[in-house]
Each structure stands twice: as C-alpha cells, then as structure tokens.
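Chains A and B, in that order, are what the protein sequence lines are.
For the first sequence, position 226 (counting from the first letter as 1) is numbered 226 according to our numbering, and the numbering increases by one without interruption.
For the second sequence, position 178 (counting from the first letter as 1) is numbered 178 according to our numbering, and the numbering increases by one without interruption.
Derived by calculation from the structure, the hints in this document are not laboratory data.
Just so you know, not all the hints are guaranteed correct.
[What the hints assert, rightly or not] With a cut-off of at most 30 angstroms between alpha-carbon atoms, the simulated BS3-like pairs for lysine-lysine come out as follows:
{"id": "1", "chain 1": "B", "residue 1": "LYS59", "chain 2": "A", "residue 2": "LYS462"}
{"id": "2", "chain 1": "B", "residue 1": "LYS158", "chain 2": "A", "residue 2": "LYS288"}
{"id": "3", "chain 1": "B", "residue 1": "LYS23", "chain 2": "B", "residue 2": "LYS48"}
{"id": "4", "chain 1": "A", "residue 1": "LYS307", "chain 2": "A", "residue 2": "LYS482"}
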Amino acid sequence: MKQSFNLDDFEAFLSDSAEQHRMYPNDRVWRNINAQLHKDNKWPALTFAAILTSTIIISILVFIHPDRALFDIPSTTKIASNILSKSPNKTSTITAIKSSSSTLALLEAPSNRNKTHTWEANHFSNQYEFNLEESNKSILDDQLFVTNDASLSTNSISENDSTFLRVAASTLSKENKQPIIISANEPENLQLLAQHVNKYQPIDVLHALPTSFDSSTQQSSAFPKATMMEEIVNRKQILGALKNKKQRWMIAFYATPSFSYRYLQDNKKESDKLNGPVANYLTNDVNKFVTHKPKMGLEAGVAVLYKVTNDLSIKAGLQLNYRQYAIDAYSTTNERAAIALNGRTLGDSLVRMSRISNNSGYRPIQLTNEYLQIAIPVGFDLKVMNLGKVDFHLASTAQLTYQLASRNFLLSSDYKNYLQQENLNRRWNINTAVEAFFSYQLNGITLQAGPQFRYQLLPGTKNLYPIEEHLIDYGMKIGVVKTIH
Amino acid sequence: MIEGCIQNNPVSQRELFNKYSPKMLSVCYRFSQSREDAEDMLQEGFIKVFAQIHTFQNKGSFEGWVRRIMVHTCINVLKRNKKFNESVDLDQALFASEKEIIPSIMQAKQVVECIRLLPIGYKTVLNLYAIEGYSHKEIAEMLGIEESTSRSQYTRAKSMLEQILIKRRIIEKKETKLAMVTAI
Numbered sequence: 001m002k003q004s005f006n007l008d009d010f011e012a013f014l015s016d017s018a019e020q021h022r023m024y025p026n027d028r029v030w031r032n033i034n035a036q037l038h039k040d041n042k043w044p045a046l047t048f049a050a051i052l053t054s055t056i057i058i059s060i061l062v063f064i065h066p067d068r069a070l071f072d073i074p075s076t077t078k079i080a081s082n083i084l085s086k087s088p089n090k091t092s093t094i095t096a097i098k099s100s101s102s103t104l105a106l107l108e109a110p111s112n113r114n115k116t117h118t119w120e121a122n123h124f125s126n127q128y129e130f131n132l133e134e135s136n137k138s139i140l141d142d143q144l145f146v147t148n149d150a151s152l153s154t155n156s157i158s159e160n161d162s163t164f165l166r167v168a169a170s171t172l173s174k175e176n177k178q179p180i181i182i183s184a185n186e187p188e189n190l191q192l193l194a195q196h197v198n199k200y201q202p203i204d205v206l207h208a209l210p211t212s213f214d215s216s217t218q219q220s221s222a223f224p225k226a227t228m229m230e231e232i233v234n235r236k237q238i239l240g241a242l243k244n245k246k247q248r249w250m251i252a253f254y255a256t257p258s259f260s261y262r263y264l265q266d267n268k269k270e271s272d273k274l275n276g277p278v279a280n281y282l283t284n285d286v287n288k289f290v291t292h293k294p295k296m297g298l299e300a301g302v303a304v305l306y307k308v309t310n311d312l313s314i315k316a317g318l319q320l321n322y323r324q325y326a327i328d329a330y331s332t333t334n335e336r337a338a339i340a341l342n343g344r345t346l347g348d349s350l351v352r353m354s355r356i357s358n359n360s361g362y363r364p365i366q367l368t369n370e371y372l373q374i375a376i377p378v379g380f381d382l383k384v385m386n387l388g389k390v391d392f393h394l395a396s397t398a399q400l401t402y403q404l405a406s407r408n409f410l411l412s413s414d415y416k417n418y419l420q421q422e423n424l425n426r427r428w429n430i431n432t433a434v435e436a437f438f439s440y441q442l443n444g445i446t447l448q449a450g451p452q453f454r455y456q457l458l459p460g461t462k463n464l465y466p467i468e469e470h471l472i473d474y475g476m477k478i479g480v481v482k483t484i485h
Numbered sequence: 001m002i003e004g005c006i007q008n009n010p011v012s013q014r015e016l017f018n019k020y021s022p023k024m025l026s027v028c029y030r031f032s033q034s035r036e037d038a039e040d041m042l043q044e045g046f047i048k049v050f051a052q053i054h055t056f057q058n059k060g061s062f063e064g065w066v067r068r069i070m071v072h073t074c075i076n077v078l079k080r081n082k083k084f085n086e087s088v089d090l091d092q093a094l095f096a097s098e099k100e101i102i103p104s105i106m107q108a109k110q111v112v113e114c115i116r117l118l119p120i121g122y123k124t125v126l127n128l129y130a131i132e133g134y135s136h137k138e139i140a141e142m143l144g145i146e147e148s149t150s151r152s153q154y155t156r157a158k159s160m161l162e163q164i165l166i167k168r169r170i171i172e173k174k175e176t177k178l179a180m181v182t183a184i
C-alpha cells in the first residue's frame, strides 16, 4: 500500500534525504591523508642525517688519515728490490733503510760528486703530486731527480740543474706520473734537509748511500749521518709531502652574469572563499595570463676549495646575487585589486587599490621585479676530463640564500592587477646550481669559464600568497682559482 | 579531539576522520560523478581541515565548519577539472538518467543517486542552494556566474530532478502537489 503525503517544501525533502545518507570511505583515503599530514616530519631528518653522515665520513677520510686513506703506495721493500735489480753498478747502490706504507724515494748520488750523475729509472706507483718551490732551491740544488718515466731513465743532468727538476715535475704531473726526489746531498746537506723536513708531513723514504756503503750489512762507516736519515724516516717527514698537503687548499673568485626568469604556479587554496574574488578563467594556467621577460643580473662571490682527491674538490663560499626580470603591464585608473590569502579563516583576503593592470590600460609600461640576495653556496667540483692543457669540470652547489632587499609586484588573485606587498616576500630561501666549465692553468692560477644553471627551490613569496613564483637563472660563470700556499 | 588534531596527534586525527567522513563523503558524492572522485574530494577536503583546524574559533558547529570546507573543496576540484565548461544537453541528460539503475534500498540513497544523475552545473547549484543552504548571491560568487544564472539553473535542476524522481517512482505527482511514495 502506498502512503502519500504532501511535499510542499521540495527543498526540505531533498535536505532531509541528504542528511540521512551515509557513505563509508575506503581505507586508502585515510592512509593517503595520514601520509600527507606526517610526511614533512620525516624528510628533514633524513636529509640532515645524510648530510651529517657524509660530512663525518669525508672528515675522517681527509683529516684523520689523510695520507693513508687517499695516498696509498706500495711497500718500499718491494720498491727497493726493484731499484737494486736495475742498478747498473755499485756506484749507485740503493738500499732501503725502512719501509712503510707511504714512501717517497730519497736517493743519493755517488759520493765522488761528479758533475754528471746517472741513474736508472725506477717505477713507483705513488699517487701524490709534487711541486718544487723556489724557496727550497737551496736544499734541492744538490738533489737529483728520479722519475718513473722510462723516457727519462737514461738522462743525465748536472748537479744543480734545478730547471730540469721543474720541467720534469710539471711534465710528469700532467701525465699523471708522480715525481720523486732523490738527493745527491752530502751528509751535511742531509742534515740541512732534515732540519727543514721536520716541519713536514711524513712520507716514506728510500735512502741511497754512497759507494762506501756496505749493502750487505746495511751500515755505512763513511756515512755518519745514517742515523739522521733513520730519524728522518722514523719521523716520516719529507719535503714533497708538505707540498702535497699544502696545495690542497684553493681560493676562487668568480662572477656569473645571468638572465633571470620565473615560473608561476597558482595553488588557489583559498580562492573559493566567499569574500574572495573569483573568476571563471582561474581554472587555466596563470603563466598564460602574464607576459614576463628575463633581464640580466649578476652573481659574484668568493669560495674556498679543498682538494679531496686529484679530481674531486669540495667548496664553500659567500656570494651576492642580483636578479631581475621584466613584466609587461599597463597604467590604468585606480582599481580594486585583491589577493585571496591562503591559510586564513573563511573570507580573508588582501584588498588594495592599484593603478597597474595586467590586461589593458591607457599606456603600456614595463615593471621590473628585482632581488638582492646574499648566499652561502656549498658543493663540490669534479674534474671529469683532461684535454691536454684544459680540464673539463662538473660542479654543483646548494645555496642558502637571504634576501637583503627586493622590489617586486604581485599579481592579484583574478590576474587583473599588480600590487606591491613587501611583507608577503620570503626572506630565506634555498637555491641549487649546476655548472659545467673548462679550466686552464696559467702562471700559477687557474682560469675557469662555463655555463651555469640555478633554480630557486622555495617560492619567492610566503605560503599566504596563492601564486608560487620560482626563479630560474642561466648564465656564464667566469672564475679565477689560486692555490693557497 | 580537536585539541589533539591541533597538536597534530595522529590518533585524534583518525578519530575525527572516522566521525565525520561518512557524512562528508555523502556531501562529496552528491557533487561528484563517481565514488572515486568523491573519495578524492574527501581526501583533499580533510587535508585542508587538518591544515586549518587551528583557525576554528568555536563559533558555531564544528561539523558545519568542516562541511563548508568540504563544499568549497568540491567546487574547487570541479573548477580545476574544468567540469563546468562542459556543455549541457538536457534531453541527453534525462535520457542518461533513465538508463541508470538505482537499487531501491534506502530512499535517502535513492534520492542522492538521482541528484547525481543531474548534469554537473545543475546538481552543483541544486546541492548548494537546496541542501547546503547557500544563497544565490553566494553561489554566484563561488562559481563565477551571475545571480540570475544561478536562479535559472536551480529552477531547471529542480524541475529535472522532479521528473527523475517521478519516473523512478520515488515521488508521485498528484494534481499540483508532489508526494513521496512510501511502501508500508
């Protein structure tokens, strides 16, 4: 039996029916909500832990066991046997006094002190660099030079031919071969050497004794300073190691003229609020409603680099960024412009009068948004290719940025007007940069040039403002790097 | 429970979700075209609720506050997906509604299902005016249309819904009155 009754109020009927209706969501909905609400608490901890762990590992490798971990060479005992096997005669007998894991070869010329010395080339697989310094010439004058380059093995040089030493050193370093000092010093020169090497970091020593040396007993009556050499070896202090350690630090000065561009994204979290202005075309991409053009800016700064290995350096510095871009707009009569703010109670929006229109007006104008920032870039520099005199590098930095000053125009929620509202600008930000450049060594400095791309991770305005602006810069970086001695 | 949600306590948040999600999913379902769409709207709406819960000032009903956020979220999603841009063919819509099979279980569910059969623009205005209680002026601002458009769309929606409900024998028309059909 059907029961019917009056239904004058259709709306009440619909409302009652709707109120009685229930639906139960899939559990997936709650899982997604939960993941969204609590995901932000996790990633900073993971990121921070990763950075901290990496920093600790690099610090341990570099500062606690620098030579042992990064600059490993084979036992000198083995090297000594190689030397002995190639030694042409007794006049250039070489004997290892002590072996350790980080040894350079320090050889003595025959004690007859001929002006011309000959020696055999010996192959070592040392991995650290070596450069000669003018200030140590007095020590090195009497020192001969042994290389692992077979082409130099039969050369003979004069005793004081330091030019050869420098040429050989630079030649070998370019060919990734490591030069080794040999000393032609008399005992008193060895003592002089010992005085100087006391300051230096330890590396191993192979000690070649003069002809009076009795290789069978490994003692020398004609060489009273053998104990001095023992002492040197025991302290593991040799000139080349210091040079190697000192030249890990570098300072770089750079400038990057660049063009700044922006990408807009409208979140419109609160644009549907009752008191906020709403327009039908807000469903479209905001980038289609604005006309902006890049303008040239500049990034300039100074950085300190530390050579972790021959190819990899880590760097940190300080720089100033000046960025700007242009916006096409129009002068117009005073119009009401509003920005519907995110994160506020229903109906909260910022309303101002504006004489700048995005769409039309009585006169076209160009606005310029400008930003002056100070940044701390931290990153790495990796040499990926050696092309003769020129090296090719890839580098990347993350830059913590603080905005010192700005002048920018913000688009209203309905995309019709521009207005200035400095308190909506974000002060702190993070930028990431990637670079590819060529480097060329010239007169003790390294010149660098190459393209750089930089992206601003966080929007330039606070979360209150619904339209996110991400700045993008692309430019040419030019830099000068000098080794710190 | 609200305090716990302000403190970002997951247990309180789950409790709040369990309490209000059945009714809110029904709200979203009336605006959407499928259950999956409704659940997406529900998810987005509750994320906003939890993000803004610290702004609730204990003036008025909390359920009403949540419901308003949910309604605005549904409108936002429909705008984002450009659903309002789709053209409406009334005859086609009526024909499609006749083809839809609605199980005759609860009458409330039947009515809601019939509302869902309306074209998006019509059912949105109908939901906002007849069920959610917004004025035509408020609806016009939310949807970016004229107030007169809102009134005319509501009139057409109401007429169309009546036809659907009559054809489904959920209500019957006796002379100038509508009456609900209830089996005893």
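Hints and how they fare:
Proposed proximity of LYS59(B) and LYS462(A) is supported: the alpha carbons are some 28 angstroms apart, at most 30 angstroms. Proximity of LYS158(B) to LYS288(A) is assessed by CA-CA distance (about 38 angstroms); at most 30 angstroms being required, the pair is judged violated. As the CA atoms of LYS23(B) and LYS48(B) are separated by approximately 17 angstroms, the hinted pair is consistent with the 30 angstroms bound. For the hint linking LYS307(A) to LYS482(A), the alpha-carbon distance of about 12 angstroms falls within 30 angstroms, and the restraint holds.
Checked against the numbered hints above, the structure breaks only hint 2 and satisfies the rest.
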